Amino acid sequence: MKIKWFYRWEFFLLLLFIVEIAIFGWISPGFLHVNNLLFSMNDFMFISIAAIPMTLVIISGGIDVSIGSIMGLCSIILGVSWSHGVNVWLAVIIAIFCGLAAGLFNGLIILYSRVQPLVVTLGSMFLFSGLALVISGGSKASGYEGISGFPDAFVQLGNGSFLGVPNPVWFLFVMTAAFCTLLHFMKYGRSVYLVGINSKAALYSGLRIKWISLSTYILSGLGGGLSGILLTSYFSSARADLGSEAVLPVITAVVLGGTSIIGGRGSIAGTVLASIVIGFMQYGLQAIGLTSEQASIVIGAMLILSVMARQSSFQKVMQWFRQRKSNSSDLMY
Amino acid sequence: MKVLSRLLQIREASILLFIFLFVGCIGIVNPAFTSGDSLGLILKSSMILLVLAVGQSFVLLTANIDVSVGSTMGLSAAVCGILLSHGVSGYLAVGAALVIGLCIGAANGLGVSFFRIPSIIMTLGTLGIVRGYMLFYTEGRWIEDIPHYFKELSAAAFLGIQLPVWIGGIAAVLAFIFLSRFSVGRYFYAVGDNEAGARLIGLPVRFITVLAFTFSGLSASIAACLFVMNIGFVPNQTGSGIELQVIAAAVLGGVSLSGGQGSLFGAALGAIFLEVINHSLVFLKVPAYWNNAISGFLLLLIVTGDSRFQLWLKGNGKKKKQEQEDMNRSKLPKSGEDGYEDKVVL
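Protein sequences, first through last, are from chains S and V.
The first sequence begins at 1 in the working numbering and counts up by one.
The second sequence begins at 1001 in the working numbering and counts up by one.
Hints may contain errors.
Pulled a few chain S residues facing chain V out of the computed Cβ check, cut under 7 Å [as the list claims (entries may be wrong)]: (1) 119; (2) 137; (3) 299.
Treat the hints as calculated values from the structure; they're not laboratory data.
From a predicted model like this one, the values you see are computed outputs, not experimental measurements.
Even glycine gets a Cβ: it sits at the ideal position worked out from N, Cα and C.
The following block holds chain V by itself, in its conformation from the complex (with noise of 0.2 Å):
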C-alpha cells in the first residue's frame, strides 16, 4: 500500500496511467485506433508539441513562463521555408532557422534576467513584435513551394522509427541527460525553487535564466522545422496559439508554474496525452468542433483531480500527526487554507 501510494505520488506514473487507461477505452470503442500505424501517426504529429513542451519545461521549472514560443516557431518556420524555396541547402535553412530561434529565446532571457521584466509580460512583448515581424517578412503570403526533399525527410525511417519521432526523442533525451545528470542542470531546479537562496549560494542565477529562455527559444526553432518538414507548408498563422497548448501539456505533465518542481519526462508524456486526445476524437466519430471542448473538458478534470489526489494522499500521511496537533492545540486556521497552496509567481 504504502509503495503504491508513493508510485502514484509520482507524477509520471499517474499521467503514463491515463494515457494507457485513455487508449484502452478508445481501443474498446474503436479498436482501429490501437493499430500500430495509428498510433504511429499520433507520436510523429505530437513531436511538434513535445519539443516545444520540453523547451517550456526549463523556463517552467526556473518559475518564468515564455508564452512567445508560438511566434517563434511561426518565424523561424518562415525563415526556413523561404530559404529552402529560394534553393539554398537544408542544412543551412535549418541552422538559420535555429540561429533566429536562440536569439529570440536569449533576448527574451536577457530582459528577464537584467532588466527585471516580469516574464509574462516580457514574452508577452516579444510574442506581439515576432508575430508582427514574420508578417512583414512573408509579406503576408504563405510560402508552398518547399522542395520535395525536404518533405520526403518526415516519411524517412531509421530502425521502422521515422526521423521527425528520432529528432523529438534525442532532444528530450539529451534535455532530460543535461537536466539530471549534470550540476548545471539541478540549477535550473535551485533557481527556481528560492531564487534569493540560489543567489546566495553564489549560482549564476541570471546566466540559468538567459539559458532557460535560450533553450526554449531553441525547441521552438527545432519545432519549426518539424512543421516544415510534416505540413510542406507555411501558413500566416503558423504556431499561433500554441503556446497555451505547451503550457497546458507541461502542467498536465507535472511541471509546477510555481517553479522548482517537475520532469522533463512528465512534460514530454503530458504533451503526447493531449495529442492523443484531440487524435482519439476522429476514431471516436465525433465531429471535429468537439474537440477543444473535450481537451478543455479533460485538461480541467485531471488537474483538479490530481490536485485532489494528491491533497488526499498528504492528507492521509499527515493524519495521525495532526490528531495529535487537534489534541495540543486549540482551533487555529491551518495553513494552506488560504485558496492556493503556492503563492503564484509569473
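Just chain S, with the same shape it has in the complex (with noise of 0.2 Å):
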C-alpha cells in the first residue's frame, strides 16, 4: 500500500525533473545556484497560474483555448483603467472581474448553444483578443504599444521577492493550495470528475451539472485574469497582445501532468509540476543558447513521449507489478 504513490504519474514528472535539474546543472553549473532556479520561475509562473484552473475545465470534460486572449483582454483593460486615473489596486479588481466575466460568457454560451467548447472558445478567443486590440487602439496607447510607466507597488508584486522566494512562486503556493482543496477534498471537486467522467449519471444523481461545468469556465477565467495581470506587473507594461502564445504551452502542462483530455482523470500536483517541469526546460534550452522557438522541438517531442510512454508501457508496467502483488498475495493465502 504505502509504494503505491511510487508509481503514480506525478513520482513520474518529479523523477523528469530532477533528471533535468541534473543534467543542465552538470552542463552549465552555474544554472544549480538556488536563487537563479528560484528566479528563472517567474519567467512561466504566468502558465502555471493559468493552467491551474485549466485542469478543472480539462477534467470536466470542457477545453478552454481563449485563456491567451483572456490574458491580454485583463491585462490592457487594467492598464486603460489605470491611465484613466484609477487606482492601480482598484483597476487590478477590475481585470480580475473582467476575467471572471470572461469565463462567465464562455460557459453561459456553451450551456446555452450546446455547441462544443472547443468551438464556443475558438470563437471567444478571437472575440477577446479583437476585443483587446479594439480597447487599447480606442485609448491612447494605439495597435500594439503598451501601457507603461506603472506606480512601483505594482511593479513589485512580479519582481519582488518576501522571504527570498519571489512573489509569483508565492502565488503558485497560494493558488496550488487553494485548488488541491478544492479539486481533491471538497464535495465540488468530485462532482467535476463525475461530470467529466460520465455526465449523465452525475445528471441523475442529482448533480447540478450545468452549474459545475459553467463555474470550471468562470475560474478558468479568473486563472487567465490572474495571470494577465501579473504578467502586466512582471513586464510593467500593459499590452492587448500579451498571452498570445500561452494556449497551447498551458493545454502541454495540463496534459503533460497526467490530466485526460476527455475528462474524468487528472491532478493539479501534476499539472503544476509538468508546468514547472516545460519551464524550467525552456530556461535550460535557453541558458544552452536556444531561442525559445527552436526550445519547442524538445519540449514537442518531450509531451508525444511521455504521452506515448504513459498510454503504453506505463500502464503495462503498473499492470505487471499489480499482477505480481496479486499473485504473490495469492500465494500466501
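Got two chains here, each in a separate frame; can you build the complex from them with the hints?
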C-alpha cells in the first residue's frame, strides 16, 4: 500500500524534474544556484497559474482555448483603467472581474448553444483578443504599443520577493493549495470528476451539472485574469497581445501533468509539476543558447513521448506490478 | 414548408444563404465590394484557407483533430522558398514541399492510430517540433529572393480564372469526389461515427486514420505553395495561428468535431465565408484592429444561432411524439439536457 504513490504519474514527473535539473547543472554549473532556479521561475509562473484552473475545465470534459486572449484582455483593461486615473489596485480588481466575466461568457454560451467547448472558445478567443486590440486602439496606446509607467508597488507584485522567495512563486503556492483543496478534498471537486467521466450519471445522481461546468469556465477565466495581471506587473507594461502565445503551453502543461484530454482524470499536483518541468526545460535550453521557438522541438517531443509512455508501457508496467502483487498475496493465503 | 425546413437543415444551404446575405448587405453599404474584381481577389486569397479546410475535414470526419497544419505549412513554404531561391526548378521545389507535408501528416497518423496518442496531443507536439525545426532550417531569416516566374504564376489565368483558384478548386472537387463517390471515402464517415463498429465490420480503421492525417498534411503543403506564389516571400511566422482559423472554417461549414458528420463542400464554403468577413471590413472602412473582434463575434453568433435553430427544427418535428410521450410517462428528465449534445471526443 505504501509504495502506491511510487508508480503514480506525478512521481515520474518529479523524477523527470530532478533528471532535468541534474543534466542542465552538469552542462552549466551556474544553473544550479538556488536563487537562480527560484527567480527563473518568474519567467513561466503565468503558465502555471493559468494551467491550474484549466485542469478543472479539462477534467470536466471541456476545454478553454481562449485563455491566452483573456490574459491580453485583462492586461489591457488594467492598463487602460489605470491610465484613466483609476487607482492601480482598483484596476487590478476590475481586471479580475473582467477575467471572471470572460469565463462566465464562455460558460453561458457553451451551455446555451450546446456547441462543443472547443468551437465556442475558439470564437471567443478571436472575440477577446479583438476586443483587447479595440480597447488598446481606442485609448491612447494605439495598436500594439503598451501602456507602461506603473507605480512601483504594482511592479513589485511580479518582480519583488518575500522571505527570499519571489512573489510569483508565492502566488503559485497559494493557487496550488487552494485548488488542491477545491478539487481533491471537497465535494465540488468530486462532482467535477463525475461530470467529466459521465455527465448523464452525474445528472441522474442529482448534481447540478450545468452549474458545475459553468463554474469551471468561470475559474478558468479567473486564472487567465490573474496571469494577465501577473504578466503586466512582471513586464511593467500592459499590452493587448500579452499571453497570445500562451494557449498551447498551458494545454501542454495540463496534458503532460496527466490530465486526460477527454476528461475524468487528472490532478492539480501533476499540472503544477508539469508546468515547472516545461518551464525549466525552456529556461535551460535558452541558457544553452537556443531561442524559445527552437526549444519547442524538445518540448513537443517530450509531450508526445511522455504521453506515449503513459499510454502504453507505463500502464503495462503498473499492471505487471499489480499482478505480481496479487499473485504473491494469493500464494500467501 | 416541409421542403423549406428540410433545405434549411442542410448546412451547406444555410451557409450559402449567409454568404449571399452578407455580401448583399456589404454591397448595399459599399457597391465597390460586389464588383467582379474585388470578389475575384477575395476568392483568390481564400484559396489557402479553403485547401487547408478541405484537408482538415478528412481528419475531423474521423473524429480526430489536426492542429499542426500551420507549422507544416510554414516548413513546406520555407523548403519550397529556399529551393526556389537556390535556382532549383519549380516542379522539384513544389514536389519537395508536398513530400514534406505527406511525411508530417503520415507521422501524425501513425502516432494517433498505432501508438494511441490522442490526436490533439500528437499534433500539438508536432506543431512545436515542426515550427522549431523550421527556425533551425531557415536560421531565423525571412526568405525573400523567390524567382519572378514563380510569383507570376499566381496571376496566370486560364479561361479567366486564376491559377490559385484552379488549384484550390480542383483539389476540392477531387477530394469531394473521392469522399462521396468511392467506398474508401465513405469509410472516413464510418470510422468517425463509430470506430469500434467500423473495426468490427472489417474496415481498415488504422489505415483510414493515417490516410486522413496524410491528406491534411498534403493540404498544408499545397497551401504553402499557394502562399509562396501569392505572397512572394516567406516570413518566419508563416502559417502560425492559421490552424485555429482552419478549424473554425470547417466547423462553420457544418463539419462536426465529434466526427462522421459534414461535407467538404460545407468546409470550403466556411473558409470562403471567413475570408469574405475579413475582407468586408476594409470596404466598411472599419479600422483593421476590429478584425478579430468582429470575426469572433460572427463565428459565435452563427454557430450558436445555427445550433439553436437546428434544435428548434428537431423540436418541431418531435412535438407530436413528445406530447404523446408526456401523456404516457411521468416527468423524467429528457435526454440531451445535460450540457452538450454530443460527448466531446478530441
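For each hint, the structure was consulted:
1. Annotation: interface hint on residue 119/S holds; nearest CB of chain V at approximately 5 Å, less than 7 Å.
2. Of the supplied interface hints, the one on residue 137/S holds, with its beta-carbon coming within about 4 Å of a beta-carbon of chain V, less than 7 Å.
3. The interface hint given for residue 299/S is met, as the beta carbon of that residue sits about 6 Å from the closest beta carbon of chain V, less than 7 Å.
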